Amino acid sequence: MTQDDWKQRNDDIARLKQRLGDEDMAYQDISRESELLAACRRWPLLAESEGWSLQGDALNTQTDDKAQPV
Amino acid sequence: MTVVALSGIRGGTGTTSVVAALGFALHTLGQRVLMVDLNPRNLLRLHFNLALESADGWAVAGQEDEARWSEALLQVLEGLHLLPYGTLAANALAGLELHQRAHPDLWVQRLQTLHAHFDWILLDLPATLADGQPGVPMLPDTVMRLRVLEADAACHALLSTEGAGDDYLLVNRFDPISQLQRDLLLLWGERHSRLIPQVIHRDEAMAGALAWKSPVGYYAPDALATRDVRSLATWLLAEGGHDA
Chain G
1 MTQDDWKQRN DDIARLKQRL GDEDMAYQDI SRESELLAAC RRWPLLAESE GWSLQGDALN
61 TQTDDKAQPV
Chain X
1 MTVVALSGIR GGTGTTSVVA ALGFALHTLG QRVLMVDLNP RNLLRLHFNL ALESADGWAV
61 AGQEDEARWS EALLQVLEGL HLLPYGTLAA NALAGLELHQ RAHPDLWVQR LQTLHAHFDW
121 ILLDLPATLA DGQPGVPMLP DTVMRLRVLE ADAACHALLS TEGAGDDYLL VNRFDPISQL
181 QRDLLLLWGE RHSRLIPQVI HRDEAMAGAL AWKSPVGYYA PDALATRDVR SLATWLLAEG
241 GHDA
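In the order they appear, the protein sequences are chains G and X. Residue 3 in this note's numbering sits at position 3 of the first sequence, with consecutive numbering throughout. Residue 1 in this note's numbering sits at position 1 of the second sequence, with consecutive numbering throughout.
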């Protein structure tokens, strides 16, 4: 999904909220968060830069094959 | 007048081609534009049909007499100007480095003298410098800094470790087919408020432009990259043109 698509979707949500007359509706862009999470699951470098621990959690796709100092 | 300094997050991100393309696009939108090559490798001129062996530029013109630096200014089209770096021998580059150190505000003053003549001055800065090459000169605080990057792991690593401060980020050679590139664009969009919403897509026309010795907008007016750069120019007019 491109950035434009995201903007479009956010606009759609804003319009929907306006139509429903519920400005306080606690909408969270859960799908966007989950896409970020999926991106971090796919790429350890992204996970690391986001502060995810690669040790012993569900993100740990690379096991013991990391380079070790000798 | 708005001064935009473009440089790569790392080498090889296509900054020089973007400077040429953006200068041409801003000119197409009726702006008076000057493109200045501040990269000692002196490649920007090739986008404007100068000969490979042409050695003229501001660094050469100002060598004998400092006041003559602007004599190297070339008119590409009415309202579109180019100031090449020029080709200097290694010892002359070392001399220029010493001169720049002794006069750190050299380019601050030069940009002031150009101020009245242009709406936009685009500076092509090197991402990294080879040994012995003059460093990037001090620039005024008001300069809009734009970092060119590709949506790849190296640029992400450099962004994560070095950051980009308040610089704008421009993604070049974006390929939406690539999962990694889509993921990086998503992440950068969340984490970097200054990510420019307009990317430049990967497009063979951009590579062809230099081989054809033209900016991409002239070489391939209907190409995807040309449309992207035109949108980028429009965005710049809205974003950076307020102090024009």
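Don't read these hints as lab results, they were simulated from the structure. Each hint should be verified, as a subset may be incorrect.
[As the list claims (entries may be wrong)] Simulated restraints on C-beta separations: (1) G/Glu33 / X/Glu53: 53 to 61 Å; (2) X/Val108 / G/Ser34: 19 to 27 Å; (3) G/Glu33 / X/Glu71: 40 to 48 Å; (4) X/Thr234 / G/Gly51: 32 to 40 Å; (5) G/Leu37 / X/Asp166: 39 to 47 Å; (6) X/Pro104 / G/Leu37: 23 to 31 Å; (7) X/Ser54 / G/Leu37: 47 to 55 Å; (8) X/Gly12 / G/Leu45: 30 to 38 Å; (9) G/Glu50 / X/Thr142: 44 to 52 Å; (10) G/Arg42 / X/Gly12: 23 to 31 Å; (11) G/Glu33 / X/Met138: 41 to 49 Å; (12) G/Leu37 / X/Glu239: 29 to 37 Å.
[What the hints assert, rightly or not] Covered stretches of chain X, going by a simulated chain G footprint (3 or more residues, C-beta under 8 Å): (13) 151-157; (14) 173-185.
Note that this is a predicted model, so its numbers are computed, not measured. Quick reminder that beta carbons are idealized off the backbone N, C-alpha and C, glycines included.
Going through the hints against the structure:
The supplied range of 53 to 61 Å is met by G/Glu33 and X/Glu53, whose beta-carbon atoms lie about 56 Å from each other. Between X/Val108 and G/Ser34 the beta carbons are some 48 Å apart, a value that contradicts the proposed interval 19 to 27 Å. As the Cβ distance of G/Glu33 to X/Glu71 is approximately 57 Å, the hint placing it in 40 to 48 Å is violated. Restraint check, X/Thr234 to G/Gly51: a C-beta distance of roughly 36 Å satisfies the suggested window 32 to 40 Å.
Look at G/Leu37 against X/Asp166: about 28 Å separates their beta carbons, and that is not inside 39 to 47 Å. Taking the beta carbon of each, X/Pro104 and G/Leu37 are about 47 Å apart, not inside 23 to 31 Å as hinted. Checking the proposed 47 to 55 Å range against X/Ser54 and G/Leu37 shows it holds: the Cβ atoms sit about 53 Å from each other. For the pair X/Gly12 and G/Leu45, the beta carbons lie near 19 Å from each other, so the given range of 30 to 38 Å is not met.
Taking 44 to 52 Å as the suggested C-beta distance range, the pair G/Glu50 and X/Thr142 does not conform, at roughly 34 Å. Checked against the given bound of 23 to 31 Å, the beta carbons of G/Arg42 and X/Gly12, roughly 25 Å apart, stay inside it. Roughly 42 Å separates the CB atoms of G/Glu33 and X/Met138, a value that falls within the hinted 41 to 49 Å. Judged by the Cβ atoms, the range 29 to 37 Å given for G/Leu37 and X/Glu239 holds: they are separated by roughly 31 Å.
Here the stretch 151-157 of chain X counts 3 residues with a CB under 8 Å from a CB of chain G, which clears the bar of 3, and the coverage holds. A stretch counts as covered by a chain when three or more of its residues have a beta carbon under 8 Å from one of that chain; for the stretch 173-185 of chain X and chain G the count is 7, and the coverage holds.
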